[in-house]
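Asks: Listed here are the chains, written in short residue letters.
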Amino acid sequence: MKKTALALAAAAALLASPSFGADKVKIGFVTTVTTPAGVIGRDMVDAVNLAMQDIGGKMGGLEVELIIEDDGFKPEIGKQKTDKLVKQDDVHFVAGFIWSHVLLASRKSALDGGKFLISSNAGPSQIAGKLCHENFFSTSWQNDQTPMAMGEVLNQQGVKSLYVMAPNYAAGKNMVSGVERTFKGEILGKDMTKWGKDAQLDFSAELAKAKASGADGIFVFYPGKAGGAFIKQYQQAGLQGEIALYTVFTVDSIALPKLQEAAMTGVLGSLNTQFWGPDLDTPQNKKFVSGFKKAYGRYPSFYAAQSYDTIFLIKSAVEAVGGNMDDMDGMRAAMMKADFPSVRGPFRYGNNHFPIQNFYLRKVVEDADGVWTTTVVDTVLKDHQDVYAAECKM
Amino acid sequence: MDAGLVAAQLLNGLQLGVLLFLLASGLTLIFGIMDFVNLAHGSLYMVGAYFCATLTEATDSFLLAVALALPATALVGAAVELLVVRRLYRRDHLDHVLATFGLILCFDTLVQILWGPEGMAIRLPAWADGQQHLPGGLVFPTYRLLIIGAGLAVAAGLYVLVVKTKLGMRIRAGASNPAMAGALGIDIGLLFTLVFALGAVMAGLAGMMIAPITEASIGMGNEIIITAFVVVIVGGIGSIRGAFVAALLIGLIDTMGRSFLDMGLKLIIDVQAAETSAPALSAMLIYILMAAVLAFRPQGLFPPKAR
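Residue numbers (the numbering used here), protein chains in the order written: chain A, 1 to 394; chain B, 395 to 701.
Please note that the accuracy of each hint is not assured.
Under the rule of at most 16 Å between Cα atoms (straight-line distance), these lysine to aspartate or glutamate pairs were calculated in the EDC-like manner [said to hold, decoys possible]:
# : chain 1 : residue 1 : chain 2 : residue 2
1 : A       : K211      : B       : D396
2 : A       : K84       : A       : E63
3 : A       : K108      : A       : D83
4 : A       : K293      : A       : E65
5 : A       : K173      : B       : E669
6 : A       : K293      : A       : D369
7 : A       : K87       : A       : D54
8 : A       : K294      : A       : D112
9 : A       : K194      : B       : E669
Covered by chain B, according to a simulated footprint, are these stretches of chain A (three or more residues, beta-carbon under 8 Å) [as the list claims (entries may be wrong)]:
#  : stretch
10 : 28-40
11 : 183-196
12 : 258-269
13 : 352-362
I should point out that these hints are in silico values taken from the structure, not numbers from a laboratory. Computed from a predicted structure; not experimentally measured. Just so it is clear, CB atoms sit at the ideal spot from N, CA and C, and this is done for glycine as well.
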């Protein structure tokens with residue numbers, strides 16, 4: 001009896017398995033849809049849907065099936081969802097991942113399952129270095145790179161002393177070590193604040209310390225809603241004009257509308273660094289930004305830009321093998337060429353499959369319609385590769 | 395360590411403390427009087443913040459919005475008591491936890507449907523958005539001083555209500571012995587609804603006061619409700635005085651930990667280790683306090699007299 005049941009189960013599993021020749025491309029996309037960070041996930045999902053529309057829902061003649069999963073901002077849930085995508089849905093690509101700690105928890109499930117893993121945002125140092133893998137690709141950056149660009153900007157601006165604030169998790173640590181690597185002045189104080197589902201959002205104590213430190217500038221990394229909260233409190237504490245604000249991944253098109261709503265003019269003119277900007281002059285970016293604004297009535301964030309690129313990277317792989325989804329080697333070789341229209345313009349992949357790309361200085365301005373956005377003012381790093389690539393044996 | 399910074403951090407701690415008190419006082423009343431564990435108290439904090447944000451946009455006045463959002467939050471509180479909570483008093487605490495956890499999920503999803511996932515910012519009037527120059531060269535955000543003032547005023551008002559008025563007498567009677575109070579002709583059902591609505595108003599007010607600093611966002615209450623429970627336990631379940639003292643104590647400990655712990659640790663261990671362990675340790679401080687209170691004085695610092 002037991003044997004019959006087992007045999008039946010095995011037969012059912014075989015029948016359900018799409019390995020009898022894939023008739024569609026299956027992409028699993030893990031992001032945060034619930035919790036306040038869901039606002040980031042929404043930008044990513046919107047961008048992926050836009051990309052799907054722009055490619056007509058097809059790659060290399062095959063239908064594309066997109067499965068969105070919510071990680072709930074928790075590493076353990078992200079891993080569960082990745083397991084589900086790998087084992088139950090048997091997707092070809094697991095993509096998405098806002099958070100470094102979620103990606104680190106999920107990477108093994110995807111890679112051991114023989115799937116391609118594509119990070120549309122998180123770029124933890126571990127995966128760029130010792131834990132690099134042939135089936136992993138990034139359409140974003142390694143965490144340290146953007147703050148390294150900011151460190152250079154601080155040197156150029158003559159900032160002699162700095163106060164540093166970031167959330168206490170994998171990416172926060174990378175951001176701090178990034179700016180420390182290039183900034184030549186003195187770091188007068190540092191606060192790593194509580195992060196996760198019950199993240200600290202009231203920075204009164206830290207801002208009082210920053211002010212008392214007498215530093216020239218303050219460097220912060222607060223993605224998502226924490227960014228808006230930080231800027232508000234920075235202005236309410238009267239630090240504008242006393243200690244100049246330099247940010248990475250904090251002042252973006254997710255935070256800016258709410259800052260404008262709250263009349264936080266202190267953010268106008270502040271500087272941040274990024275690999276991309278909504279006004280970056282490339283054909284794909286023009287198409288993307290105008291399409292996104294038309295479809296959703298707002299500026300896309302960098303999260304959206306990277307997610308849009310994710311779909312086009314996958315499309316380039318599927319087309320290179322003529323839709324033969326069993327040809328992993330062929331798809332890998334195609335992705336390594338980075339031969340797809342990227343919103344950031346042409347770039348190439350390093351040995352660890354992180355982009356070697358430019359980083360720009362951006363300034364917060366008001367656009368022609370009176371909407372607050374950022375504009376690219378300078379190129380800080382040209383064709384920059386992350387420092388962990390050397391630790392990757394690939 | 396300079397004196398100005400210590401003074402600023404004391405004020406910051408006080409501000410966090412009064413905010414915690416507003417949340418914890420309702421929680422401790424509901425816990426003490428109805429013997430009801432209300433995990434969804436934080437949802438009322440969130441509802442208050444969203445009402446206030448929407449009304450600020452509609453009326454263009456933060457104060458008017460608060461004035462209107464308070465009764466609105468009270469109505470939501472009363473509705474929750476009448477529709478859901480009322481049926482649960484006779485069940486045990488585990489059922490309370492399960493049901494109110496379900497309420498949290500309902501509230502979070504409802505807010506996401508009504509207001510979307512992106513959260514709402516509240517624009518402060520210009521007079522509240524600046525800084526005040528205090529004696530001793532201290533510069534402190536006006537709005538945070540307002541929070542301290544409003545919180546202390548509410549605490550005083552609550553004291554008068556509970557100790558000096560007839561309603562307060564009934565609340566105290568209901569807390570000491572609900573069965574006896576009922577037998578003496580007090581409408582316990584109505585009293586419970588009132589107390590629940592009062593708790594909702596105070597939680598809502600806390601949400602309205604924090605929203606201009608952070609924002610109104612989904613799940614904002616779930617972040618702070620754990621700390622409010624710590625306040626209730628440290629203060630003594632059912633004790634408003636205990637909640638007040640414990641809230642200020644925990645506000646100060648949390649703020650001081652975040653401010654000075656890394657400095658202190660650097661004297662003992664090396665800089666690198668201090669930098670990584672200080673945030674974790676300062677986040678633990680209030681729980682260490684709670685553990686100590688539970689170990690040496692399990693009834694809390696100021697338990698209500700008659701139980």
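Asks: With reference to the structure, classify each hint as holding or not holding.
Replies: Going down the list of hints, with the structure as the test:
1. A:K211 - B:D396: This hinted pair holds, its Cα atoms lying about 12 Å apart.
2. A:K84 - A:E63: With a Cα-Cα distance of about 21 Å, the restraint between K84 of chain A and E63 of chain A is violated, given a limit of 16 Å.
3. A:K108 - A:D83: 9 Å, holds
4. A:K293 - A:E65: 25 Å, violated
5. A:K173 - B:E669: 11 Å, holds
6. A:K293 - A:D369: With a Cα-Cα distance of about 13 Å, the restraint between K293 of chain A and D369 of chain A holds, given a limit of 16 Å.
7. A:K87 - A:D54: 29 Å, violated
8. A:K294 - A:D112: 40 Å, violated
9. A:K194 - B:E669: 13 Å, holds
10. 28-40: holds (count 6)
11. 183-196: holds (count 5)
12. 258-269: holds (count 5)
13. 352-362: violated (count 0)
Hints 2, 4, 7, 8, 13 from the earlier list are contradicted by this structure; the remaining hints agree with it.
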